[in-house]
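Q: Mind docking chain B on chain A? Use the hints.
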Amino acid sequence: MCNGTNINNELLKFAVDGITPKVIEHPSSIRELSELLLHCNQENTGMIPFGGKTRIHIGNTPLNYSVAVNLEKLPKYINHEPGDMTVVASSNVIVRELSEQLKIYDQKLPFEVEQSSYATIGGSVASDAEGRPQSSNGGIRDWIIGMENLTNTGQITKSGGRVVKNVQGYDLHKLHIGGFGSLGVIKDCAFKLQPIAEQTESIITTFDDFDTVSSLYMQIFNFHFVPESMVLSNKTSDENTIRLSLRLCGRKVGVERQKKEILNLFGENHLIEPHIISNDDQINYWDTLPTQKSELKIKISTTPLNIVPTIKFVKSVADSKSVKMRYLSDFAFGNIMIDFFDCNNESAISIIDEINSQINNLLQALVIQKCDTTLKNHFDVFFLEDSNKPVMLRIKNQYDPNRIFNAGRFAGRL
Amino acid sequence: MIIISLNSDKNKEKTYSWLVMLKIKSLVEELAHVVGADNVVWEKEDLIVYEYDGSIDRSLPLAVVLPGSAAEVSKCVKISNKYNCSIVARGAGTGLSGGAVPLKQSLVICLTRLKRIIEVDEKNRLSVVEPGVVNIKLSDAIKDKGLFYAPDPSSQKACTIGGNVSENAGGPHCFSLGVTTNHVLGMEIVLSNGEITWIGAKSRSYTGYDLRGAFIGSEGTFGIITKIIVRLMKIPESVSTILAAFKSMDDASNTVSEVISAGMIPAALEMMDRITIEACEPVYNPKYPKGSEAVLLIEIDGITESVKEEIDIVKKICTQNNSIEIRQANNESDRVKLWETRKGAIGAYGTIAPTYYLVDGVVPRTKLTEVLREVKNIGRKLEVTIGNVFHAGDGNIHPAILFDGRKKTEVNQAIRAGGEILEVCVKAGGALSGEHGIGTEKQDYMRLVFNEEDLRAMKKLRAAFVQTDKNVDVEKFNPYKIFPRGSNDDEIYKLNDPEFYPTGGEEWA
Chain A
1 MCNGTNINNE LLKFAVDGIT PKVIEHPSSI RELSELLLHC NQENTGMIPF GGKTRIHIGN
61 TPLNYSVAVN LEKLPKYINH EPGDMTVVAS SNVIVRELSE QLKIYDQKLP FEVEQSSYAT
121 IGGSVASDAE GRPQSSNGGI RDWIIGMENL TNTGQITKSG GRVVKNVQGY DLHKLHIGGF
181 GSLGVIKDCA FKLQPIAEQT ESIITTFDDF DTVSSLYMQI FNFHFVPESM VLSNKTSDEN
241 TIRLSLRLCG RKVGVERQKK EILNLFGENH LIEPHIISND DQINYWDTLP TQKSELKIKI
301 STTPLNIVPT IKFVKSVADS KSVKMRYLSD FAFGNIMIDF FDCNNESAIS IIDEINSQIN
361 NLLQALVIQK CDTTLKNHFD VFFLEDSNKP VMLRIKNQYD PNRIFNAGRF AGRL
Chain B
1 MIIISLNSDK NKEKTYSWLV MLKIKSLVEE LAHVVGADNV VWEKEDLIVY EYDGSIDRSL
61 PLAVVLPGSA AEVSKCVKIS NKYNCSIVAR GAGTGLSGGA VPLKQSLVIC LTRLKRIIEV
121 DEKNRLSVVE PGVVNIKLSD AIKDKGLFYA PDPSSQKACT IGGNVSENAG GPHCFSLGVT
181 TNHVLGMEIV LSNGEITWIG AKSRSYTGYD LRGAFIGSEG TFGIITKIIV RLMKIPESVS
241 TILAAFKSMD DASNTVSEVI SAGMIPAALE MMDRITIEAC EPVYNPKYPK GSEAVLLIEI
301 DGITESVKEE IDIVKKICTQ NNSIEIRQAN NESDRVKLWE TRKGAIGAYG TIAPTYYLVD
361 GVVPRTKLTE VLREVKNIGR KLEVTIGNVF HAGDGNIHPA ILFDGRKKTE VNQAIRAGGE
421 ILEVCVKAGG ALSGEHGIGT EKQDYMRLVF NEEDLRAMKK LRAAFVQTDK NVDVEKFNPY
481 KIFPRGSNDD EIYKLNDPEF YPTGGEEWA
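Line by line, the protein sequences are chains A and B.
Residue 331 in the working numbering is what sits at position 331 of the first sequence, and the numbering runs on without skipping anything.
Residue 66 in the working numbering is what sits at position 66 of the second sequence, and the numbering runs on without skipping anything.
These are computed hints drawn from the structure, not numbers from a lab.
Glycine residues also receive a C-beta, built at the ideal position from the N, C-alpha and C atoms.
Mixed in with the good hints there might be a few duds.
Chain A regions said to be covered by chain B (calculated; three or more residues, Cβ under 8 Å) [claimed, not checked]: (1) 92 to 104; (2) 245 to 255; (3) 269 to 281; (4) 292 to 305.
Derived DEER-like restraints, expressed as beta-carbon distance ranges [stated by the list, open to error]: (5) B:ILE352 x A:ILE196: 36 to 46 Å; (6) A:ILE196 x B:ASN471: 50 to 60 Å; (7) B:GLY419 x A:GLU72: 36 to 46 Å; (8) B:THR319 x A:SER278: 47 to 57 Å; (9) A:PRO401 x B:GLY419: 47 to 57 Å; (10) B:GLU452 x A:GLU261: 52 to 62 Å; (11) A:ILE272 x B:THR304: 21 to 31 Å; (12) B:LYS316 x A:THR288: 15 to 25 Å.
Pulled a few chain A residues facing chain B out of the computed Cβ check, cut under 7 Å [claimed, not checked]: (13) GLY83; (14) VAL88; (15) GLN168; (16) LYS174; (17) THR200; (18) THR212; (19) PHE333; (20) GLY334; (21) ASP386; (22) ASN388; (23) ILE395; (24) GLN398; (25) ASP400; (26) PRO401; (27) ALA411.
If we strip away everything but chain A, and leave its shape as in the complex, we get (with noise of 0.2 Å):
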């Protein structure tokens, strides 16, 4: 067992909705934390894993939340294999060290995540980071090969493999990922990679009103290409007009090609002279983009054509409680992040159970990723459905009994 810290500012750097653990341990080895898991295991110990704190907020309120577990001293380990294309990264590699390796021999992880420079590679998985808007790859489940996780008793299990396609027993990984680390502490995972591409341009332009945007972007997405990222987002909350960005990647040609048709397509709808911007200022653009802070964002995942109508519905409920909002949706992935400024807590739960109301109309998956912790009362911030929770409560009574991992903090309260 390896010494907590129990200073009292150390503990509240770890505190959870307002809930300090009583003890912070630091392990330094793999087996160190093996001991620490079987010892919360037995004595009923409710814990919290740590990564880069980056996505910590996500979750619903800890119900047994003693030890905090700061997985920075760990064995870091990054297993590069370029003929491959594969890499197998600790939990707590850094998200940007691990592309910058990478970068090296010109490959990358085919997603991006927010705050890239404090994420780990845990922490991103667990909670299954939608981070920068990526259209055509997909997100984080679609590049994870095999994974090994940390047990409640301590032991080490392992899913899938270490080569781009592997199909042997169950996909357990498939359940971490995006488990919020109620099931196990995610040790190493295995990705397959792509190379970065030889050229990367970004388009951007601006709309007055969605039937313009909205038309046009259904028009780009059934060209033969899809850009790699396809973005409506509105700059500020402040701000009405609406903004289109779009990534385009692949070959030198293949990148003028896209930018050919999508520029003709803009003009033939006598829109104003679009902004092209490549190289490093493409990325600061891109690495800017989803920041702006408030006090209460959500997530909705919906289908590609329901972007802009549920954009629509959801501004129209703001807008008839006096809240603004701001916009980023991640098109062809069918993502939204909604971030609400200047909204009480009243505010906040009458939005929230309007936009709830449209779960399998024009939504199909809502989240609260960050909000005052009161609200947490009145809601299961991931809005899980009924029809699934009896199979989610049997796997958490399979994986963890004692209810040790990230207590209370899942969906359906799990």
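A: Chain B only, in chain A's frame:
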């Protein structure tokens, strides 16, 4: 009304007791009441069709029922529970790992009547299909909309999408586009208590555990799929295919590595060895150059300008690696010709031996050359002929062990060679299966990769999906598959049941 004669010689052959026969009679009558008498199969000569799939194992089912809707599937599951009867769901039976072989005298629920394409949502690029839809029929049905369904197993003209989901099937074009799990958004499933529920959604993101991801590739051991939401892809603007012949496997393997190192992800990257080339020559007459030891099929797709540029790079790499002939197809009919031998290669092995056993290991791409050499050595040592036709791009090798299935010694040698090849793959850092699944074929090799703790963790997932009671045990669906026999949990999982007999060895005697 079904009439089962308890005195029938046919049924006596099954060596069932009178009591069991009465139970079967009652079960069959109840099933017939739900699906109609024409959709229940119970006589031995009819059941034989359902005792095997594309693997070498066999086992006769108790009966076969062909429901016509999810509601009927649900009722059949409930009826089977009354009789404490396990279930094996089956599609076209093209699987190669024994996944559809009904062990434990199971009731087979054959889903081939569920073959409707329920919805094609062109704008959202998705489709809702029933599990019995034949893979290629979906792509055919949406071709005029400029769309296709990406996973394309070699058996795509016969295999069903439900079967593909159960096995997490791949195919030549999964190199760039991913396997089945990357193209399935959600499913309607029937659970062990007969409950019908949805997992996943029409959107790509959803809340809670990824039940969809866990279910795909579970080889029919969690429940029965009755509807599937699949993603559809846009047909690429341009496709170009080249075939390159080489005088050595090493040259072909080096070409594969260099193409990938050049930053390209071809749509397909396939390889055939000399034995396969020789098998194909009299059947398809492709006229490969004399002395070819390996042939590569490389397909590039995408934006026309990019395809043209990448094909030129690929041709240059082939030439640098001593390719003795390069053929290029830029139109559909030429492409079909180039693919003909690859897609028909397995059938052509019939010119060499009457039976084949297709192994499905995966190795790191960078170790292809050494693993293929090892495969050759195994063939030499065990005196079996091994052809190789495989997905070189993702390191998914398919050594085809060619033998005479009527000769027991040859069967045993083939099984032994298959085992040794899998050991080589795992030793090289690879996997037991790339796209065929574990089934009965590889269950005893699972310990090469997974320890008892890994296997126990997997069994817990099965126990979470399958709700047990006095009539339903955790092996309700597709019993005695995936997990190795003789594991610590055998008592719970009944893997030492004397009725358990993958029939590979005995039946071929």
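Q: The structure should be examined with respect to each hint, and the outcome stated for every one.
A: To see whether the hints hold, each was checked on the structure:
Here the stretch 92 to 104 of chain A counts 0 residues with a CB under 8 Å from a CB of chain B, which misses the bar of 3, and the coverage is violated. Chain B is given as covering the stretch 245 to 255 of chain A, and this holds because 4 residues of the stretch bring a CB closer than 8 Å to a CB of that chain, at least three being needed. Given a C-beta distance limit of less than 8 Å, the hint that chain B covers the stretch 269 to 281 of chain A is violated, as 0 residues qualify and 3 are needed. Using a Cβ-Cβ cut-off of 8 Å, 6 residues of the stretch 292 to 305 of chain A lie near chain B, which meets the minimum of three, so the contact claim holds.
Judged by the Cβ atoms, the range 36 to 46 Å given for B:ILE352 and A:ILE196 holds: they are separated by roughly 44 Å. Between A:ILE196 and B:ASN471 the C-beta distance comes to about 57 Å, which sits within the given range of 50 to 60 Å. Under the hint 36 to 46 Å, the C-beta atoms of B:GLY419 and A:GLU72, about 44 Å apart, fit the expected range. Distance hint check for B:THR319 and A:SER278: the Cβ-Cβ separation is about 34 Å, which falls outside the suggested range of 47 to 57 Å.
Against the hinted window of 47 to 57 Å, the Cβ-Cβ separation of A:PRO401 and B:GLY419 comes to about 37 Å, which falls outside the hint. Between B:GLU452 and A:GLU261 the beta carbons are some 56 Å apart, a value that agrees with the proposed interval 52 to 62 Å. At about 30 Å, the CB distance of A:ILE272 to B:THR304 agrees with the hint of 21 to 31 Å. Taken as a hint, the range 15 to 25 Å is violated for the pair B:LYS316 and A:THR288, whose Cβ atoms sit roughly 41 Å apart.
Among the interface hints, the one on A:GLY83 holds; its C-beta lies about 4 Å from the nearest C-beta in chain B, closer than the 7 Å criterion. Evaluation of the A:VAL88 hint against chain B yields a violated restraint, the C-beta minimum of about 11 Å exceeding 7 Å. A least Cβ separation of about 5 Å between A:GLN168 and chain B falls short of the 7 Å threshold, and the interface hint therefore holds. Because the beta carbon of A:LYS174 sits about 3 Å from the nearest beta carbon in chain B, less than 7 Å, this interface hint is met.
The interface hint given for A:THR200 is broken, as the beta carbon of that residue sits about 13 Å from the closest beta carbon of chain B, more than 7 Å. With a cut of 7 Å, the hint placing A:THR212 at the interface with chain B is violated, because the nearest CB-to-CB distance is about 17 Å. Here the hint on A:PHE333 is kept, as its CB sits about 5 Å from the closest CB of chain B, short of 7 Å. Given hint, A:GLY334 at the interface with chain B, holds; its Cβ is 4 Å from that chain's nearest Cβ, closer than 7 Å.
The closest approach between the C-beta of A:ASP386 and any C-beta of chain B is roughly 10 Å, which is over the 7 Å cut-off, so the hint fails. At a threshold of 7 Å, the smallest CB-CB gap from A:ASN388 to chain B is about 6 Å, leaving the interface hint in force. Taking 7 Å as the C-beta contact cut-off toward chain B, the hint placing A:ILE395 at the interface holds, the least distance being around 4 Å. At about 4 Å, the closest approach between the beta carbon of A:GLN398 and any beta carbon in chain B falls short of 7 Å, and the interface hint on this residue holds.
Annotation: A:ASP400 was flagged as interfacial toward chain B, and the flag is violated, the nearest CB pair being 11 Å apart, outside 7 Å. The beta carbon of A:PRO401 comes no nearer than 10 Å to any beta carbon in chain B, farther than 7 Å, and the hint placing it at the interface is violated. Annotation: A:ALA411 was flagged as interfacial toward chain B, and the flag holds, the nearest CB pair being 4 Å apart, inside 7 Å.
Hint compliance for this structure: hints 1, 3, 8, 9, 12, 14, 17, 18, 21, 25, 26 are broken, all remaining hints hold.
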